[in-house]
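Undergrad: Sequence:
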Amino acid sequence: MNHIRKDSVTNLSGFETLKSNSDFRRAYARGKTYTNPALVTYVNKNRAGICRIGITTSKKIGNAVQRNRARRVIRAAFLCVRQDIQPGYDIVFVARTKTVYKKSTEILEIMQKQLDSAGLLR
RNA sequence: CGAGCGGAAUGGGCAGUCGCGUGUGUCUGCGGACGCUUUAUCACCGUCUUUUUCAGAUACAUGAGGAAAGUCCGGGCAUCACAGAGCAGGGUAACGGCUAACGGCCGCCGAGGGUGACCUCCGGGAUAGUGCAACAGAGAUAUACCGCCGGUUUUUUCCGGUAAGGGUGGAAAGGCGAGGUAAGAGCUCACCGUGCGUUCUGGUAACAGGACGGACCUGUAAACCCUACCCGAUGCAACACCGACCGAAGUGGCUUGCUCGGCCUAUACUUCAACGGGUGGCUAAAGGCUGUCGGCAACGGCAGGCGAAGAUAGAUGAUUGCCUUCAAAGACAGAACCCGGCUUACAGUUCCGGUCGCAUU
RNA sequence: GCUGAUGUGGCUCAAUGGCAGAGCAGCUCAUUCGUAAUGAGCAGGUUGUCAGUUCGAUUCUGACCAUCAGCU
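Going by the working numbering, the first residue of the first sequence is number 10, and it counts up by one from there.
Please keep in mind that the hints were generated in silico from the structure rather than gathered at the bench.
We put the CB at the ideal spot given by N, CA and C, even for glycine.
Any given hint could turn out to be false.
[Claimed, not checked] No farther apart than 25 Å at their CA atoms in a straight line, the calculated lysine-lysine pairs in the DSS-like style are these: (1) K69 with K112; (2) K68 with K28; (3) K68 with K107; (4) K122 with K41; (5) K69 with K41; (6) K107 with K69.
[Unchecked claim] Derived DEER-like restraints, expressed as beta-carbon distance ranges: (7) Q75 with T114: 16 to 24 Å; (8) N77 with K54: 28 to 36 Å; (9) Y37 with G97: 14 to 22 Å; (10) K112 with K54: 29 to 37 Å; (11) E115 with R91: 16 to 24 Å; (12) P96 with K69: 29 to 37 Å; (13) G128 with Q75: 27 to 35 Å; (14) K54 with Q75: 26 to 34 Å.
Could you build all of it, start to finish, from the sequences and the hints given here?
TA: Below you can see the structure in the form of structure tokens.
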């Protein structure tokens with residue numbers, strides 16, 4: 010049962026998603042931080058051997074529509090870089106107020122710069 | 001043409017590329033059956049199979065709102081044995097209708113506003129009772145400060161009558177005139193005003209109009225309260241089933257806040273710890289559209305055809321071009337069991353029907 | 001998603017429908033060689049916002065806004 014479920018998640022986006030609060034808190038506490046007015050990235054090494062991502066959109070950003078838009082823009086930007094990422098890391102993206110008004114191509118440039126300085130890009 | 005009133009609709013469209021949820025079909029794998037093999041089983045290999053479970057690929061279909069929001073009312077649905085009685089508590093408030101129901105809607109009455117179209121109103125009872133009315137004022141539901149009149153003393157004063165006049169206040173015993181009196185007073189009378197009772201006419205009714213009688217009473221019930229009607233509690237995190245845990249502590253427990261009544265009994269209930277398990281509940285609905293009939297209308301009857309979101313860290317996105325536009329498609333905003341309302345937010349556009357003013361015919 | 005509670009000076013809180021108050025903090029003066037403590041005085045409020053009931057609302061009623069808590 011367990012391995013089947015992992016396969017389904019792997020297939021749809023190529024990565025597993027972070028779900029529990031403890032995973033996020035570990036990333037905030039131990040991970041390296043890369044900041045930008047439109048995006049904050051936390052990178053933390055894990056032992057699973059696969060890449061896991063999480064997206065945080067807090068209530069500060071706005072109402073439900075604006076939070077959904079920020080999440081979708083970040084997800085669309087991540088789908089463009091996912092083939093180039095080395096496995097074995099937990100990545101947490103935190104949306105900020107300006108994320109809502111950016112296009113996904115702009116977020117993509119920021120994300121590539123941050124992940125490159127983290128040494129995750131091949 | 002200008003100003004203003006009421007109602008309704010819309011809430012960008014098309015195409016390319018990359019992606020997501022759900023459903024259905026096809027294929028592949030897994031699985032299952034049989035054969036081969038083997039002492040026997042597994043594995044390998046071959047054939048068949050889709051009824052069921054799972055995964056992948058692919059094709060097709062479909063995929064947020066008018067408020068999805070606030071969670072303010074009402075109902076369905078579910079559990080509590082039945083949904084029972086009384087008390088407490090809560091809600092509603094002219095009248096008639098609509099509705100599954102409502103605090104909603106329609107009509108109508110009354111009051112208020114506007115030249116008008118039209119708009120606004122938690123609109124029962126203060127003559128059942130209790131409470132409150134600061135400050136000011138003589139006095140706040142009962143009275144006598146100034147004043148006026150009579151008596152007494154006489155320089156003062158004291159006693160009685162009075163509510164016309166003064167001033168205070170949101171509110172001071174209905175207004176005004178005549179008679180009357182020592183001075184006055186609904187004390188008496190005419191007219192007017194207010195609400196009450198009886199009765200007549202119109203209306204289903206609230207109510208409106210008329211006649212007669214007797215009265216003049218402060219405000220506040222979004223103060224307690226009274227009257228009439230309504231409400232059992234908890235909410236899909238309800239609840240049912242399967243799995244895991246199957247540990248510790250305490251106690252009879254449940255039904256309603258209380259009482260009665262009732263039910264279940266240690267495989268029960270509560271708390272802590274833990275699994276942050278899975279499946280169902282889950283979407284065709286008191287649904288909307290068109291026509292027609294009934295009704296002033298809300299709404300109801302009949303006929304036709306329409307009618308696939310169902311996620312669970314939570315799917316509708318990203319990006320490019322063109323069209324539309326004065327303008328870069330730019331407002332408010334994301335279903336979470338489902339409906340009927342209410343309230344609040346909202347860029348721009350369109351349509352319909354009244355009103356007033358000015359000008360022309 | 002559901003349920004409930006609270007908004008008063010810079011902070012913590014009080015209030016019978018009738019002048020908005022207390023403590024701490026702030027400022028000025030006194031005291032001291034100076035500071036603290038102490039004493040005297042001063043200032044600071046759209047009572048979350050908007051409507052309504054009332055002669056009058058922090059208080060009563062409704063709508064909205066913000067914050068906090070609980071339920072798997």
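Undergrad: Among the hints numbered above, which are violated by the structure, and what are their numbers in rising order?
TA: none
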